[in-house]
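I would like the entire structure built from these sequences, with the hints used as guidance.
Going down the list, the sequences are from chains P and Z.
Residue numbers for the first sequence follow our numbering, beginning at 13 and rising by one.
Residue numbers for the second sequence follow our numbering, beginning at 363 and rising by one.
These are computed hints drawn from the structure, not numbers from a lab.
Check each hint, because a few of them may be wrong.
Keeping only pairs whose Cα atoms sit at most 20 Å apart, straight-line, the calculated SDA-like set for lysine to any residue is [unchecked claim]:
#, chain 1, residue 1, chain 2, residue 2
1, Z, Lys500, P, Gly170
2, Z, Lys500, P, Ala72
3, Z, Lys500, P, Gly155
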Amino acid sequence: MTAVVAPAAAEPRRPARRAGVLDWLVTTDHKHIGILYMATTLGFFLVAGAIALVMRAQLAQPGLHIVERQAYNQLFTLHGTAMIFLVIAPFALGLANYLLPLHIGAADLAFPRMNALTYWLLLAGGLTIFSGLLLSTGAAAAGWTMYAPLSDFENTPGPGVDLWIMGVLMISASSIMTAINFLTTVMLFRAPGMTMMRLPVFVWNIIVTSLIILMAFPPLAVAMAELFIDRRLGGHFFDASHGGSAILYQHVFWFFGHPEVYVMILPYFGVVTQVVSTFSRRPVFGYLGMVLASFAIAGLSMGVWAHHMFTTGAVNNPFFSIMSFLIAVPTGIKYFNWIGTMWQGALVFPTAMLFAIGFMLNFLLGGVTGVMVASPPLDYHVEDTYFLVTHFHYTLAGGSMFALLAALYFWFPKITGRLLSERLGMLSFWLTFVGYNITFIPLFLVGLLGMPRRVVTYLPLPGWPELNLTSTAGAGVLALGIALTMWNLVVSWSRGAPAGDDPWGGGTLEWATSSPPPERNFHALPPIRSDRPAFDMRMPQGTPGGQARARAG
Amino acid sequence: MRMDPGWVRRAGVVCRRYASAPLLAVAGLGLSGCASPLPGAATVQGQRIAHLWAVFFLSAAGVAGAVYGLILWCIVRYRRRSDGLPPQYRDNIPVEIMYTAVPVGIVAFLFALTYGTEIHVDRVAPRPDVTINVTAFKWSWLFDYPGTGITVAGTPDYPPIAMVPVGRTVRIVLTSTDVVHAFYIPSFLYKRDATPGLVQRFDLEIRRPGEYLGECVEFCGFDHTRMRFWLRAVPPAQFDRWIEQGPRVVHQRVRYTAP
Ligand code: HEM
Ligand SMILES: [Cu+2]
Ligand SMILES: [Cu+2]
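Structure, rendered in structure tokens:
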């Protein structure tokens with residue numbers, strides 16, 4: 013647990029001296045690593061977002077205007093791969109890297125050097141995947157699911173797929189180590205008084221996410237190893253003509269792939285919970301139910317993988333259907349918890365709260381359409397059409413991405429000591445929210461009309477060009493909204509208004525230390541008597557942090 | 363803080379003042395967005411799927427409407443009005459039990475309907491009227507009519523047009539020779555994967571004559587986009603005459619010019 017950065021000086025608001033490049037390269041401080049994670053994943057986010065814009069431009073009208081077939085195939089593969097493996101999931105892990113020790117009153121994570129390794133593995137994995145673009149045969153182009161046998165040597169001889177496999181292996185190793193680190197830290201390093209039932213909901217969700225990672229990523233590594241053996245070492249795991257099975261790949265991949273979607277959502281549920289609680293000035297409603305719901309989601313998520321295979325005719329559809337339906341129940345509980353948290357609260361709407369509300373509104377559409385695609389007969393129609401693409405974008409982009417932006421606005425002041433511009437933030441929110449929905453609502457419709465996913469162009473059937481053009485226009489608005497937030501980050505990093513220790517009236521421990529926190533996080537800890545110690549600290553006359561139902565004010 | 367131009371500042375003020383009204387509008391838009399008609403279901407099986415869709419759509423609209431209503435109510439009703447500390451209660455067990463139990467009831471209902479529909483859609487007749495062996499390959503389709511010597515073959519440039527009779531049970535026997543493809547006909551609301559090494563069987567009973575577009579919807583590489591086909595559904599008598607023309611390989615002669 014030795015931090016390599018310079019020791020704290022007298023002035024606690026800033027790290028002793030400005031960290032130089034070398035300090036960043038060798039750091040083992042969880043805050044610095046968290047910042048590296050978040051900055052890197054935002055970088056990949058911009059790349060993947062730019063790719064999405066190119067795809068939308070190509071799809072604006074029927075015909076091949078912008079990119080060629082094989083180029084498009086690389087684009088959606090890279091966009092999906094980056095968004096999933098390099099943006100949404102690792103940003104959450106980076107955020108947890110920064111916040112988890114602060115949330116539980118610890119000085120660092122349990123294994124700081126391993127923590128640094130996870131970051132460098134992630135970066136190397138991402139660069140490895142993208143390096144395929146330098147090959148004459150191009151980067152992997154078989155979709156982020158990399159289905160065999162399309163991805164085998166016979167059908168895709170170029171080394172782009174091998175690079176993709178190696179990159180994904182590095183990322184899965186990184187995620188597994190991070191999960192072990194988080195779990196160990198929460199088990200061993202909680203501050204005195206921080207009992208399990210006083211952990212912030214975000215921390216609970218990171219615990220559950222880590223458990224899911226430990227269950228889901230080893231199978232991913234197996235799938236990747238088998239794919240590589242098939243490609244380069246003469247294996248036949250997925251080759252039907254030699255006794256292998258294409259269906260086997262799908263089983264192993266989705267045994268990872270479905271739980272992965274909860275890795276990409278549970279941390280963001282935690283973010284929204286904390287943002288909503290803070291800006292409603294209310295404790296989290298139904299805390300225990302919230303925690304149990306997360307565990308229920310984790311448990312069920314291990315038994316639904318084959319809902320991605322309803323149309324193969326090779327799985328027990330009713331079983332995987334009912335299991336998938338059941339996940340709607342704990343997810344619904346979260347919604348009612350958020351509503352209960354806002355109920356009778358005193359709501360204010362800074363940008364972080366707006367993005368959290370945007371999350372709730374968008375993710376709901378992802379949820380109800382999720383119940384539709386969990387019904388095999390309906391899935392027979394919409395599977396692998398734009399309806400499905402839109403369903404998962406409502407959960408991952410309309411959902412997780414909005415919560416990611418909420419997290420940026422909420423914790424940027426803690427991380428930098430400066431506020432983001434609220435005016436830019438508001439504007440960014442409205443452009444993002446409206447642009448997002450203009451982009452994706454038409455895609456629900458064109459999906460129902462039968463437009464397949466992963467196509468470089470489409471027939472000019474009635475309605476298709478109009479709906480696609482609307483979607484592309486919306487993507488432009490959305491991009492403007494995101495660009496404003498990025499600009500906001502850049503200018504506020506050095507010129508934002510000073511934030512003070514606690515600009516929002518937050519409840520969790522990080523708001524009880526300085527912004528940015530000192531090297532070992534806390535000079536002194538407040539007494540911890542609830543899941544909102546910072547809130548209790550400001551309410552010395554014993555306002556009910558605990559179970560009491562008192563009314564104050 | 364002087365970094366925003368004036369128009370940004372003014373827009374920010376407007377946004378803040380009317381923070382909740384547009385949320386309502388966009389939420390409404392979101393709901394009406396899914397209210398789309400499906401393509402008219404042209405098979406008996408597809409009709410059942412369309413009925414199930416209607417129930418799911420209404421349930422989804424009801425649930426989403428209720429939840430949106432609650433969220434928007436909170437936003438409007440509970441916005442901060444004074445500096446007082448709001449009530450700090452943290453649970454309400456009866457309410458929590460209710461919002462766990464009611465969704466269980468809803469999904470049980472939806473699952474029952476799903477199961478009933480799926481049994482019908484997946485049922486294969488003991489003796490179908492017509493059988494067609496469909497083989498997917500990179501990047502087109504082969505339709506083989508066993509016992510007749512007739513084969514309809516396609517290429518990406520010349521997608522195949524396969525004949526099928528209306529009102530009879532058509533058995534599709536589906537497989538692939540190379541990678542995973544999927545046989546999808548939007549107007550039938552139906553698809554099935556074509557997996558190498560696996561033979562799939564399903565029945566279609568087409569209700570009205572017409573030309574129905576078919577698409578490959580499992581990504582299969584370079585020319586996936588153009589892996590289309592058409593089913594030409596004709597009255598049974600016409601179909602029989604087509605069969606009686608004797609064994610042959612039918613190639614589509616019209617080059618398909620659209621993208
Ligand atoms: C916010 C702006 C976004 C836009 C405009 C956008 C647009 C698109 C488009 C056009 C496709 C290609 C669909 C196809 O050809 O089948 C796509 C695929 C995909 N997107 Fe996004 N996307 C966005 C954000 C996200 C985010 C935040 C995620 C987070 C995980 C994401 C995950 C994916 C995945 C996994 C695919 C599938 C890739 C594949 O088929 O292999 N997207 N997106
Ligand atoms: Cu899934
Ligand atoms: Cu295909």
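Of the numbered hints stated previously, which ones are contradicted by the structure, given in increasing order? The structure conflicts with hint 2 only, although it agrees with all the remaining ones.
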